[in-house]
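Q: Combine both chains into one complex, guided by the hints.
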Amino acid sequence: MQPPPPDPAVEDALVPVSALQHYLFCPRQCALIHVERIWAEDGATAEGRILHERVDGGRPDRRQGVRTVRGIALRSLAHGLTGKADAVEFRERGAAPYPVEYKRGRPKSHRADEVQLCAQAICLEEMFGQAVPEGALFYAQTKKRLIVTFDEALRALTLQVAADVRTMIAETHTPPPRFGPGCKHCSLADQCRPTRLEKPPCVQRWLTAQLDD
Amino acid sequence: MRRHLNTIYVTSENAWLRKDGANIVVEVDGQERGRAPLHMIGGVVCFGRPGASPALMAACADAGIALSFLTPNGKFLARMEGLRTGNVLLRRTQYRMADDPARAVPIVRGIVTAKAANQRTVLRRALRDHGDRMEAAARATIETAEARLVHIARRAAAAQDVATLRGHEGEAALVYFGAFDAMIQGDRTAFSFRGRSRRPPLDRVNALLSFLYAMLGHDCRSALESVGFDPQVGFLHADRPGRASLSLDLMEELRPVLADRQALTLINRGQLKARDFAIDEGGAVSLTEDGRKAVLVAWQDRKKRDLRHPFLGETMPMGLVPHVQALLLSRHVRGDLDGYPPFIWK
Numbered sequence: 001m002q003p004p005p006p007d008p009a010v011e012d013a014l015v016p017v018s019a020l021q022h023y024l025f026c027p028r029q030c031a032l033i034h035v036e037r038i039w040a041e042d043g044a045t046a047e048g049r050i051l052h053e054r055v056d057g058g059r060p061d062r063r064q065g066v067r068t069v070r071g072i073a074l075r076s077l078a079h080g081l082t083g084k085a086d087a088v089e090f091r092e093r094g095a096a097p098y099p100v101e102y103k104r105g106r107p108k109s110h111r112a113d114e115v116q117l118c119a120q121a122i123c124l125e126e127m128f129g130q131a132v133p134e135g136a137l138f139y140a141q142t143k144k145r146l147i148v149t150f151d152e153a154l155r156a157l158t159l160q161v162a163a164d165v166r167t168m169i170a171e172t173h174t175p176p177p178r179f180g181p182g183c184k185h186c187s188l189a190d191q192c193r194p195t196r197l198e199k200p201p202c203v204q205r206w207l208t209a210q211l212d213d
Numbered sequence: 001m002r003r004h005l006n007t008i009y010v011t012s013e014n015a016w017l018r019k020d021g022a023n024i025v026v027e028v029d030g031q032e033r034g035r036a037p038l039h040m041i042g043g044v045v046c047f048g049r050p051g052a053s054p055a056l057m058a059a060c061a062d063a064g065i066a067l068s069f070l071t072p073n074g075k076f077l078a079r080m081e082g083l084r085t086g087n088v089l090l091r092r093t094q095y096r097m098a099d100d101p102a103r104a105v106p107i108v109r110g111i112v113t114a115k116a117a118n119q120r121t122v123l124r125r126a127l128r129d130h131g132d133r134m135e136a137a138a139r140a141t142i143e144t145a146e147a148r149l150v151h152i153a154r155r156a157a158a159a160q161d162v163a164t165l166r167g168h169e170g171e172a173a174l175v176y177f178g179a180f181d182a183m184i185q186g187d188r189t190a191f192s193f194r195g196r197s198r199r200p201p202l203d204r205v206n207a208l209l210s211f212l213y214a215m216l217g218h219d220c221r222s223a224l225e226s227v228g229f230d231p232q233v234g235f236l237h238a239d240r241p242g243r244a245s246l247s248l249d250l251m252e253e254l255r256p257v258l259a260d261r262q263a264l265t266l267i268n269r270g271q272l273k274a275r276d277f278a279i280d281e282g283g284a285v286s287l288t289e290d291g292r293k294a295v296l297v298a299w300q301d302r303k304k305r306d307l308r309h310p311f312l313g314e315t316m317p318m319g320l321v322p323h324v325q326a327l328l329l330s331r332h333v334r335g336d337l338d339g340y341p342p343f344i345w346k
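Taken in sequence, the protein lines are chains A and B.
So that you can map any letter, position 168 of the first sequence is 168 in full-length UniProt numbering, and since no number is skipped, the others follow by simple counting.
So that you can map any letter, position 255 of the second sequence is 255 in full-length UniProt numbering, and since no number is skipped, the others follow by simple counting.
Same shape as in the complex, but just chain B (with noise of 0.2 Å):
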């Protein structure tokens, strides 16, 4: 099984990262912070305006490491990366299946039925853990909206074009975030929500799943490219200029398992507190820098545990998962699958 490798995520302003050896090195005004050997390493993600020495871009380029720079907020700004992008042949075959919606329904069908699937689980879950000390009313809504999932998910499974699974994604969406709110335990004045807003982040939650979905498009994308496909061209997603539509389109099932779960894990053990946000003049709320560190370490820890994947049924770290399913999709479109198997979390 391929090893899940760690990312290192550098959130320190003035951070310079060098090459010495065969290790990755830290430093942060001059002093040594931390080194690791290149070989543990699966990406590099900086946030701020860290820098780094030509010696380790060309080793990470070599070694076939993702190095990206973000901003504070993890929005992505750019990458740098090795001669590894292989195979044409499957870039050409995405092209002309992301051309051709009949071909196109497999993939999408898979990507919204799990979607819908995994936002399922993630009401039920909380169930499990929070039902006997919710109110009724949350309680009530939390069940409505997992009974009509599992409808939405049926019919997505049994769907036969894409425009019908555009319509079931955005059903889904529309009744898991209408439920989204009756999650939150603890702080409610600090957490509360009342749907998703993206640009900018007008709550605290909003600005934690936005970062959360960040890191995991981050992990999509190099999932993406290092089976060779061109994150750029999606199938549920439309092609927009700058926009990595086969990436949202991978992260679709994902969102739910990796990154809504953690938000929530984050807010109800109290892990993050009020404090840990910033609000601007505008209302825009972001993540400090404690907070962002916060997220990170728990996003670390999660990607280390292991599940069953249910495709492959093999036991593997979390992590790992958005690059089987990189895999699994490589493996439809070059035609050893007569669909896609989505990640489907139970």
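Just chain A, with the same shape it has in the complex (with noise of 0.2 Å):
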């Protein structure tokens, strides 16, 4: 059962779901990949793409009654959100579909993991007409799943990102440097620089300095 084809102006304005998940890691990250498209891969991004390739790649299989499906389109016109399941399972006839995410490191104190789950369940819920109320989020790094309930709460905090990243790539606005303990972990450093730019100093008053001896 295939919804109408959608007006392209609106699938034009989806964000993908990664976005809001950098946007919770940092505003001006979010801006700088999807305003600016600057990318820059280090150690760690290279980690992640070649987890989620491997993830992405596999095929659906079966396991305890579990199908397992890799790597499906997610979309919410309701929302305006694209993306991407890393994996989707399906437990029995009938039942909600299971998102489950494959993270990297290990979980983190913010909660930028648990909004880009959440906002698979909000896109797989339109895509499916029936209620996702929960979700894992697997850690490489520790090897566990962290089973994430999506309640009012998260909801409310994923849609108001949504929100939010809408805006920012709208405006194309790509918000100033702060600096953070986030940075040291940010591919992005090198191109942001947020301890220069954070307060840069008045360039003209700088330049006449530099004239000094």
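Calculated directly from the structure, the hints in this document are not laboratory data.
Just so you know, even glycine gets a beta-carbon here, dropped at the ideal spot from N, CA and C.
Worth double-checking, as some hints may not be accurate.
[As the list claims (entries may be wrong)] Pulled a few chain B residues facing chain A out of the computed Cβ check, cut under 10 Å: (1) 87; (2) 153; (3) 228; (4) 307; (5) 310; (6) 317; (7) 327.
[To be verified] Rough simulated footprint, nothing fancy, chain B against chain A, three-plus residues with beta-carbon under 8 Å: (8) 32 to 38; (9) 168 to 181; (10) 198 to 205.
[Claimed, not checked] In the EDC-like style, the derived pairs of lysine to aspartate or glutamate whose C-alpha atoms are separated by at most 16 Å in a straight line are: (11) A:199 x B:336; (12) B:346 x B:129; (13) A:144 x A:171; (14) B:346 x B:146; (15) A:199 x B:129; (16) B:346 x A:212.
A: As structure tokens, this is what we get:
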């Protein structure tokens, strides 16, 4: 049962689910990637990319009655989201789809990973017309599944972030950097230059000062 | 910090480049002459007639490695490049700023000020290195030029419009190249300099400068393209079909530091001899293949040398400076900085 093709303008305005995660990590990083289209790979992003290539490239399989579909395209027209799920499990006929997202590292203090998963769930709900109450994050470093319940608070946060990201991308605005502990794990630090550009000097004054011996 | 990746310069006329696994392989007459992993390479520059396999071209495009083809004298012919020329917003703002003289001023001011200041530094270093051995007249010429360049740099830093800045730039060039011959030591008959000649270079110094400027232009163009600029739309240099005006803009402040100083070192240390140049019937001078090789080896070495970046306050290899300046220019254009902080060499 395919819904009618959407308005092309609506399709163009969809924001990637991954952008929500970038935004929660750092709004400027999100803008550098999704507004300015800057990307830089470091060791961590390369590992993540290889992990996802492996996971997404997997064929559907069935183990202990659970059918797992990998790399399916996600979309929510109602909330303007698009993306891809690492894995969605279908446990039994008629049961809710169960999204599983693979993460390279370990559980983090911020909620970016949960928001990303929740956004996937919101897409799945629209696509399958049924409630998706729960999903899981799998962390490669700890090799543990973290169950995530999509409660009201997480859904509200996810939709708020989606709206903020849509606005930022539509306005093609790049916020100024704010130096924080996350910066040393950010692959875009060289392009962002948080330490120098957080409070940049007046360039005219800097230039004049350079000419003094 | 972004790594300074090596550029491979292929000067052998009958070279063939191919891909082998994740490596680039250079063959001459069917014999393997060199190989390097692609992830260690930032660019490949071919002089003369070397060819490259489609598989290598695809791998370079995918990895964002610039593959360029130049004439033996370094004139740009063609370049092969992949999809990564993103950031249409940056280019749009670049065009708007280039069309608006008032918005171009903070950029051109930085470039012209730094160019005059860096020219002055070249003169100062010549005095420091060779001042004791110089004839009194040469010394006086350099000292006078140095003092004048300080004033030009100060006036440029306070200038309010692009036309005035172009005037300062022209004046600085006149003063600087007027003293250039005085900085040349060693074989004074082979390497005398009487003003810039470009089309064609009419003496060995000009041939050397033109070749180094071509190499620098290539690096500046790559740097600008890698941050998403259109290298053809400049602020100091007006648009002209086929001219990479923004590359020329970015080059201005870097010419004294990266190219002129390099030329003087090659001549004054005797690393280049008269026989490394060829003179044709019409008087045009160019480097021989051996001469080009000597220049490229010195050029690559120089780019690996560390220096302290004046605005970022970080130590980095000289070869990264064009990239960092392109980045700082993009951050000014996108609004992070209220002006363009040029590269000022001390």
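Q: Determine for every hint whether it applies to the structure shown.
A: Evaluated hints:
1. 87: holds, 5 Å
2. 153: Holds, about 6 Å.
3. 228: It holds, given that the least Cβ distance between residue 228 (chain B) and chain A is near 7 Å, below 10 Å.
4. 307: violated, 15 Å
5. 310: holds, 6 Å
6. 317: violated, 14 Å
7. 327: holds, 7 Å
8. 32 to 38: Coverage by chain B holds here, the residue count being 4 at a Cβ distance below 8 Å.
9. 168 to 181: holds (count 4)
10. 198 to 205: Contact hint for the region 198 to 205 of chain A vs chain B: holds, 4 residues under 8 Å.
11. A:199 x B:336: holds, 9 Å
12. B:346 x B:129: holds, 14 Å
13. A:144 x A:171: violated, 39 Å
14. B:346 x B:146: holds, 13 Å
15. A:199 x B:129: Given pair residue 199 (chain A), residue 129 (chain B) is violated - Cα atoms ~39 Å apart, limit 16 Å.
16. B:346 x A:212: holds, 11 Å
Of the hints listed earlier, those the structure fails to meet are numbers 4, 6, 13 and 15, in rising order.
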